[in-house]
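Protein sequences, first through last, are from chains R and D.
Quick note: to get this note's numbering, add 94 to the position in the first sequence (first position is 1).
Residue numbers are given in this note's numbering: position 13 of the second sequence equals residue -7, and the series is strictly consecutive.
Warning: the hint list may mix true and false statements.
[As the list claims (entries may be wrong)] Some, not all, of what chain D presents toward chain R, calculated at C-beta under 7 Å: (1) P(-10); (2) S(-6); (3) T8; (4) Y10; (5) S12; (6) F14; (7) P20; (8) E22; (9) L24; (10) L26; (11) K29; (12) N77; (13) Y80.
[Stated by the list, open to error] Distance condition first, Cα-Cα at most 27 Å in a straight line; then the derived BS3-like pairs of lysine-lysine: (14) K32/D with K164/R; (15) K151/R with K165/R; (16) K164/R with K151/R; (17) K151/R with K103/R; (18) K190/R with K32/D; (19) K190/R with K57/D; (20) K108/R with K190/R; (21) K177/R with K151/R; (22) K165/R with K108/R.
Hint data in this document are derived by calculation from the structure and do not stem from the laboratory.
Cβ coordinates follow ideal geometry from the N, Cα and C atoms, glycine included.
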Amino acid sequence: DGGITQSPKYLFRKEGQNVTLSCEQNLNHDAMYWYRQDPGQGLRLIYYSQIVNDFQKGDIAEGYSVSREKKESFPLTVTSAQKNPTAFYLCASSMKASYNSPLHFGNGTRLTVT
Amino acid sequence: GNSVTQMEGPVTLSEEAFLTINCTYTATGYPSLFWYVQYPGEGLQLLLKATKADDKGSNKGFEATYRKETTSFHLEKGSVQVSDSAVYFCALKDTGNQFYFGTGTSLTVIP
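With the hints as extra help, turn the sequences into a complete structure.
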């Protein structure tokens, strides 16, 4: 079945460590996105990529970095510069060519930093 | 700029009650509109969509109509079930492939 795989589901890190969240899709989608969700809140866009080897900052990019070396993969690194990294992280993808194509989401990674 | 405003929650209903969750949007051009549902600990799942004015999206008993004159896309269901308890997000996609989400509405259905 096609879909988006995020791993791991739960991740624990000590403060001051960088951590990388994995996101892989086999939907052949051009565009990929990372969102952050805090308890009781909506989604905030961290980074997005519309094409391989290109990405743009979203609304809350500070303290995060991404790469897009392959169409299928869009890993997110949460750096030690991110002041409040504990959150639920969602990866998503969509077909770029079709403007009415929806976002498809993975099941998320819950990151806890202590 | 583009934005989505949806009804604040939480919403609590008895089983078999009628559900309405309001959603209005601000956008230039002709966006596509979506409703997503999120169950605890999971990602968002597409519930329904509409891509042009007067389109009605429907799925699993839920419906929403794209109303350009009132810039609205309200979610309705005639008879909710306990299993419908979740958080619902209204969203739009503009012609530049950018998505905008509402803040989500939590629904709890009690037996």
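Against the structure, the hints:
1. The beta carbon of P(-10)/D comes no nearer than 9 Å to any beta carbon in chain R, farther than 7 Å, and the hint placing it at the interface is violated.
2. The interface hint given for S(-6)/D is violated, since its Cβ lies 23 Å from the closest Cβ of chain R, which is over the 7 Å cut-off.
3. Interface hint at T8/D: violated, since its Cβ lies 13 Å from the closest Cβ of chain R, which is beyond the 7 Å cut-off.
4. Annotation: interface hint on Y10/D violated; nearest CB of chain R at approximately 9 Å, more than 7 Å.
5. Taken as an interface hint, S12/D checks out: its beta carbon lies about 4 Å from the nearest beta carbon of chain R, inside 7 Å.
6. Restraint check, F14/D versus chain R: the minimum CB separation of about 5 Å is within 7 Å; hint holds.
7. Hint on P20/D is violated. Least Cβ distance to chain R is approximately 11 Å, over the 7 Å limit.
8. Annotation: E22/D was flagged as interfacial toward chain R, and the flag holds, the nearest CB pair being 5 Å apart, inside 7 Å.
9. Evaluation of the L24/D hint against chain R yields a held restraint, the C-beta minimum of about 5 Å falling below 7 Å.
10. Checking L26/D against chain R: minimum C-beta separation of about 5 Å stays under 7 Å; hint holds.
11. Annotation: K29/D was flagged as interfacial toward chain R, and the flag holds, the nearest CB pair being 6 Å apart, inside 7 Å.
12. With 7 Å as the threshold, the beta carbon of N77/D comes within range of chain R, its nearest partner Cβ sitting at about 6 Å, so the hint holds.
13. A least Cβ separation of about 9 Å between Y80/D and chain R goes past the 7 Å threshold, and the interface hint is therefore violated.
14. Using a Cα cut-off of 27 Å, the hinted pair K32/D and K164/R is violated, with the two alpha carbons roughly 33 Å apart.
15. Proximity of K151/R to K165/R is assessed by CA-CA distance (about 18 Å); at most 27 Å being required, the pair is judged to hold.
16. The suggested pairing of K164/R with K151/R holds, with an alpha-carbon distance near 18 Å, which does not exceed 27 Å.
17. Our distance criterion of 27 Å between C-alpha atoms is met by K151/R and K103/R, whose separation comes to about 24 Å.
18. As the CA atoms of K190/R and K32/D are separated by approximately 18 Å, the hinted pair is consistent with the 27 Å bound.
19. Distance restraint check for K190/R and K57/D: the Cα-Cα separation of roughly 31 Å exceeds the 27 Å cut-off, and the hinted pair is therefore not satisfied.
20. This hinted pair does not check out: K108/R and K190/R have alpha carbons roughly 37 Å apart, beyond 27 Å.
21. With a C-alpha separation of about 17 Å, the suggested pairing of K177/R with K151/R holds against the 27 Å cut-off.
22. For the hint linking K165/R to K108/R, the alpha-carbon distance of about 31 Å lies beyond 27 Å, and the restraint is violated.
Checked against the numbered hints above, the structure breaks hints 1, 2, 3, 4, 7, 13, 14, 19, 20, 22 and satisfies the rest.
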